[in-house]
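S.K.: The residues making up each chain are set out below.
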Amino acid sequence: MQESGNHRWGMVIDLNKCTGCGECVAACKVENNVAIVGAEESEMDRTMFWMDIITTHEGEYPDTEVTYFPRPCFHCDNPPCTKVCPVRATYRNDEGIVTQIFPQCIGCRYCMAACPYTVKSFNWFAPDWPEEMNSSLNPDVSVRPVGVVEKCTFCIHRLQKAKELARAEDRELREGDYLPACSESCPTDAISFGDLNDPHSEVNKLAKSLRAFRMLEELGTEPKVYYLSKVE
Amino acid sequence: MHDIRKYLVTLVKIMAIFMLWGSSWAQESFQPVQFNHDYHLGDLGLTCLDCHKNAKHQERASIPNIDICSECHEDEFDNVEADKVFEYISFETAIPWKRVHRVPDHAYFSHRRHVQLGEIDCIVCHGDVEQMAAPFERPFVNMDMNWCLDCHEKSQISDECSDCHR
Amino acid sequence: MEIKRRDFLKLLAISGAASVGGAWSARAILDVPDEVFQRVLNGPRLETWKNSICSMCPGGCGISVRLIDSIPVRITGNPQYPLNAGATCPLAEAGIELLFHPKRIQQPLRRLGERGSDKWEPISWEEALATISDRLNQLRLDGHTEKLFLVSRARNEMITDLSQQFMASFGSSNFSLLNQADILSPPIYLTQASDQPVAYDISNTDFLLNFGFDLLDEGPNPVRYNQLYVQLRNRKNPQPGRIVHASPYMSRTAVNSSEWLAIKPGSSGALALGMANVIIRDGSYDADFTENNSFGFSEWKDSSGETHLGFKELVTSMYSPERVSTITGLPANSIVAIAREFAAAKSAIAFPEKFQNAGANDLYNSFAVHCLNALTGNLNHEGGVLYPKALFAHQTGGPNRPSNHKHKLLEGIYDNGLLNVKDSEIDTLIFHQVNPLFNSSSPDQLKEKLAKIPLIISCTTVLDETAAFADLVLPEPSYLEKWEINHSIPTVGFQHFGVQQPIIDPLYDTRQFGDILLELSKNIQDPDSDKLSWKSYNEYIRDAAEGVYNSGQGTIISKNSNQTWLEFLKDRGWQALEYSTFAEFWNVLLAEGGWWDPISSKVRTDQLFNTKSGKFDFYSLSLMEAMNSYVFSPDNPIKNMEELLAKWSIHSFGDQVYLPHFEAPRFDSESFEYPYHFMSYRLITNNPDIAVPLGLAQELSGLNSREFWNPWLEINPETAKAEDIYEDDLISLVSSKGTITARVRILPTVMPGTVMMPSGRFGGALSANPAEILSTEMDLLAGSSSQIYTRVKIVKNPPKEKV
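One line per chain: the protein sequences are A, B and C, in this order.
Numbered according to the numbering used here, the first sequence spans residues 1 to 232.
Numbered according to the numbering used here, the second sequence spans residues 1 to 166.
Numbered according to the numbering used here, the third sequence spans residues 1 to 803.
There's no promise every hint is true.
Claimed, not checked - Pairs of lysine-lysine residues, derived as DSSO-like cross-links and limited to a Cα-Cα distance of at most 27 Å, are as follows:
(1) A:Lys208 <-> C:Lys793
(2) C:Lys236 <-> A:Lys83
(3) A:Lys161 <-> B:Lys53
(4) C:Lys236 <-> A:Lys161
(5) A:Lys161 <-> B:Lys84
(6) A:Lys205 <-> C:Lys236
(7) C:Lys236 <-> B:Lys56
(8) C:Lys236 <-> A:Lys230
Hint data in this document are derived by calculation from the structure and do not stem from the laboratory.
Predicted model, so just to flag it, every value in this text is computed and none were measured.
Using the sequences and the hints given, assemble the complete structure.
M.R.: Here it is as structure tokens:
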């Protein structure tokens, strides 16, 4: 693609700044028209969070250490999920985004099993949506039908718009032009996002920090979401 | 044998009625106003973008309505269809156009990309609109994915799934 | 043609989800007005943005709403608004759901049949308002204007001003505000007798000691405090500040602090006094302040020559670290360490616990904590407690109570709730955006009370539990469809306000409460009463904005305005942005969303006090005066101070009553029968103000517990082991008042012997309201139950019917 250049989109989440408020989760749900499954389906663990929060407790009362980990899709550079998809509904594109093409998906859910981080959600049988549902959809994101897998896309629709705007204005894509909803809405700026290949970008610098680590690195998935560990 | 013939005759009668009814139905206008592109583009010399103002800078081209029509239709013209337009304008009621070109929700199509950046002429996708005396009832061509990909391949534009599906 | 799944997608622009009942059920879309639906399908998809203020909680964050073809699709923060700097919380995102909620009231309703039978007759506004006006005029004729009661919510909004003015012009002083818990309730009037709002300068402090207020989930502005906490702990220059959270529960606020100190419920005041003991003995207190700006620090003699106890003597004799250790459960040397750290910090803040409606204990706890700020010289300077000047009338008057309210000092601890007003004294009761039948722990008593009131009107957006008991229901638009001026001066410490404007035309036949009051005022037939002259509420707030414009102070917020730059300009005598007319100012104000003046002039410390002594009262003369005058007041049948104190459960006597001291919390039952202590807490996503379960908020509430749409019970591993309870078990909690059933979460963040439960509205099969089992004893306001003094016992394997 002419426009792709050498971008490699990644994210850095500073655990010192995350308060666990959940705004990233909410912003993502509203931005991406993610279904609200309702009380019954929730009972069956079928809630859909493209961005989720993992809460860990270490130690015993009263010396417990609680940490909140916002967990989007990690957009691995070596993704296990893409290797098992029979129809190429999920694949890693030239810029590092592991895409999820909803109309292509046949709902076999192999990718859900393959992902070690369980970031994928499935649209199960017609969920019993509560009446009081948000009827204001984001027109930039398609609404998924039943039987389709979905996951965080790093708000790829925003990338498309940013690129289009940049081209229309005859310029390059700048840092900050493209931010996923979670990064943009975090009240404490805990989520940084940008081009890991750009030597001047914030994520590039932060990813090299001594505090930086990734989840389950030993599996060789090469996730592109880095965490900065807490400091005392 | 006799029965089969009787059956066939009845069938033909039914078909005849249906065809007559169908043809009269076809003569009813599909759109509320019989907008004449040929006249506006040919005789009046307007361009597509003069009325479909959003086509260059937005995703959707938009179907012009009374806010744009009223730029010229300030008075009554000597024409049945123009009178209809004038009436809609006077009563400040939107003309209830029936939308014909509809991109499905699962696909992303941006007019701006194609018109402004791709510099594609409207008639390439929408057909010879300049010759149309009656408004659209159906798209010029069935705009399915294969049709889009055909042009993308020829013009060496990306065929990456995530560019159009989001 | 064979219809495939994906073919449905071609039929509707909003995908086949509607027909296959997938992502969006047809029902959901049908609840949107038709006209809106058409625009969504066929419109040109033009994007616009509008600024307003969020009202999901009292925080009042500035929001920017993204609209597609004039339909709101997303609510984000307004990056220019100084309160939240572009951020919002998850609840804000659910605002659109509220806007289009199918349970919204669409036109005025009159009750048919019995109260609470849920049978309604739609009526016109003319009819509804005429009914009320007739009643009000009758009250005026009979000379009984005091029988009009207005109960509204405590929010930082101009409607409080107008309500106050309306009641005054009508002739009733019975205007009260519920849900005070979110508004800071400092004992400013106890110690300073002034009505100034107070703010805590967290960004500039070095040490924040939070005595249990979960600021990141509730309070004046959770979003802002999330930001402040992170900024303070990650600060580079000067060095990071330290935050210590002393509370019985390791809430999310405690998690995000530098340290959590587990203290027993109700002991925050004792901890503050223990610290004061150490500080006084060490001599590290601000002697200059205590000498020159305070009263009652040391022993003093009154005009008759009698000696009275001073703060110093009381604290040093009765609150040794050892004694306080017994009360709080903290080791004595921790208390000493914290005290020394607090005193040594260049600037420090002692943040009082949330107002829990827990009677005397609440009152004296916050008194003690505030004295700690004064003792260490942290009043009225950077990094400490600030006193921004009030901009509008409703910002004064104590913790957002109308300023002409009698005995406001004692409201927390004596009978002033609706439950205690004599039946004959109420004729007409108006509820505005409050739902005491849900929040109160004594709904049955309240219902009994309401049954005796001749006319009840509820002005609200969704038909909630309280509106169901009204005779007339007047629909107010959602906050996305109305006008208002909001602020959160206590959070930021400087003057500012934001303008809430309709981002979409009202969907239904609704009217703002302000407009209703103005209309009613016009109809009052009595030439003596001062009618409110504004034609609409929009005009009322324009007027207020014009007042600010005329003052020449401050500036409208914009992308380029920041505090340093404004100070720079002001020093040179320039105004940042000038407008030649008010009309121009108003237009820009609406476009940008707010106004601010971060460089307000400071008040001199000695001007902060309205006390009789003219100084900071360690010994509260105001409290003494209020209590003594109450003894003789006609409302009070008990003419004896000793008995009154007993009634208020104040166990101390003499001088101690007017000094900060420890009052043991009063539980509702005995521990041998009910061994566990039950407390409820608030989640950021589940504000009890919200009258219907909002899908987004319901699913987000469960992020940490993984229990969605239902509440849960948090128990310490030790307690769980003792009771043989496991994760996810369904158990019942039984108090002396009632029973609720929910699932268990075993967590090390809970004190042994306590059970925690989130409050708010839940919509699942196991939904339960903690108010059902909470102690009724303290619920004197009939609006917000005491959150912390209930005891329970655990019943395992509850019978299936209870679920």
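S.K.: Would you mind marking each hint as holding or not holding in the structure?
M.R.: How the hints compare with the structure:
1. A:Lys208 <-> C:Lys793: It is violated: about 53 Å lies between the C-alpha atoms, which goes past 27 Å.
2. C:Lys236 <-> A:Lys83: Violated, at about 45 Å.
3. A:Lys161 <-> B:Lys53: Cα-Cα ~20 Å, so holds.
4. C:Lys236 <-> A:Lys161: violated (36 Å)
5. A:Lys161 <-> B:Lys84: Violated, because 39 Å separates the two Cα atoms, which is more than 27 Å.
6. A:Lys205 <-> C:Lys236: OK: lysine 205 (chain A) and lysine 236 (chain C) at ~18 Å, within 27 Å.
7. C:Lys236 <-> B:Lys56: violated (48 Å)
8. C:Lys236 <-> A:Lys230: Distance of about 16 Å is within 27 Å: holds.
The earlier numbered hints that this structure contradicts are 1, 2, 4, 5 and 7.
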